[in-house]
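Student: Here are the chains, one letter per residue:
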Amino acid sequence: GQNIDQPTEMTATEGAIVQINCTYQTSGFNGLFWYQQHAGEAPTFLSYNVLDGLEEKGRFSSFLSRSKGYSYLLLKELQMKDSASYLCAVRDRWSNQGGKLIFGQGTELSVKP
Amino acid sequence: EPEVTQTPSHQVTQMGQEVILRCVPISNHLYFYWYRQILGQKVEFLVSFYNNEISEKSEIFDDQFSVERPDGSNFTLKIRSTKLEDSAMYFCASIPSGGYNEQFFGPGTRLTVL
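Top line first, the protein sequences correspond to chains A and B. Residue 108 in this note's numbering sits at position 108 of the first sequence, and the numbers go up by one each step. Residue 109 in this note's numbering sits at position 109 of the second sequence, and the numbers go up by one each step.
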């Protein structure tokens with residue numbers, strides 16, 4: 001089966017740091033993705049991990065542990081515009097094998113002043 | 001910067017009617033996907049398409065659904081006889097090659113079935 005779990009919602013304060021966790025159990029694994037989605041809009045790509053460890057990209061970092069089936073997205077120096085849904089997704093195979101994204105439910109992050 | 005485009009942005013239809021949702025992927029992209037998102041729920045994979053044929057389809061993608069790349073630029077999703085439960089946001093996505101990671105999503109078509 002395919003199971004991706006993340007918290008439904010989180011609240012944080014402007015300027016703070018927030019960590020959004022994701023655990024997964026999928027029949028195949030070829031990378032873990034984080035997307036940001038504002039209400040009524042398309043998901044936009046934030047980060048990608050295929051090997052264990054931390055990937056840093058400006059204010060955003062993402063961590064992966066394949067043995068634990070665990071990832072997190074770290075957002076630093078939070079801004080009001082970071083209020084959005086954050087989607088954890090696993091790609092089950094290489095794209096040239098038809099690899100699709102399997103999404104979690106998303107974590108709705110509210111950033112308060 | 002090139003983008004995936006989708007038309008229409010919003011489609012309202014009566015139950016039982018056929019709808020065609022259109023996508024224009026980025027021009028040099030080779031792999032194409034359709035996903036849907038029912039309001040308040042997660043994004044779900046429908047179908048992947050490469051080299052003019054379906055690579056994989058989900059359980060949702062039953063006989064009522066079909067995809068086509070009629071002219072080398074458009075990528076369409078047809079729902080033959082819409083049901084109330086087909087009401088959702090439909091996203092098209094594409095990637096340039098098999099080794100590429102980021103899937104580029106279009107803005108979506110909101111389908112409302114009455």
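Among the hints, erroneous ones may be present.
[Unchecked claim] Computed from the model, here is a short list of chain B residues facing chain A with C-beta under 7 Å:
#, residue
1, Ile38
2, Gly40
3, Lys42
4, Phe45
5, Asn52
6, Phe65
7, Glu68
8, Pro107
9, Thr112
Just so you know, the hints here were simulated from the structure itself, not pulled from any lab data. Note that CB positions come from ideal geometry on N, CA and C, so glycine has one too.
Student: With reference to the structure, classify each hint as holding or not holding.
Tutor: Now for the hints, and whether the structure bears them out:
1. About 12 Å separates the beta-carbon of isoleucine 38(B) from the nearest beta-carbon of chain A, more than 7 Å, and the hint is not met.
2. Interface restraint check for glycine 40(B): the shortest CB-CB distance to chain A comes to about 9 Å, outside 7 Å, so the restraint is violated.
3. Given the 7 Å rule on beta carbons, the hint for lysine 42(B) holds: about 5 Å separates it from the nearest Cβ of chain A.
4. Of the supplied interface hints, the one on phenylalanine 45(B) holds, with its beta-carbon coming within about 4 Å of a beta-carbon of chain A, less than 7 Å.
5. Using the Cβ-Cβ criterion of 7 Å, the hint placing asparagine 52(B) at the interface with chain A is not satisfied: the shortest such distance is roughly 14 Å.
6. Below 7 Å, beta-carbon pairs count as interface contacts, and phenylalanine 65(B) has none with chain A, the closest being about 15 Å; its hint is therefore violated.
7. Because the beta carbon of glutamate 68(B) sits about 18 Å from the nearest beta carbon in chain A, more than 7 Å, this interface hint is broken.
8. The criterion of a C-beta within 7 Å of any C-beta in chain A is met by proline 107(B), whose closest approach is roughly 5 Å, and the hint holds.
9. Hint status for threonine 112(B) relative to chain A: violated, with the closest Cβ pair at about 13 Å, above 7 Å.
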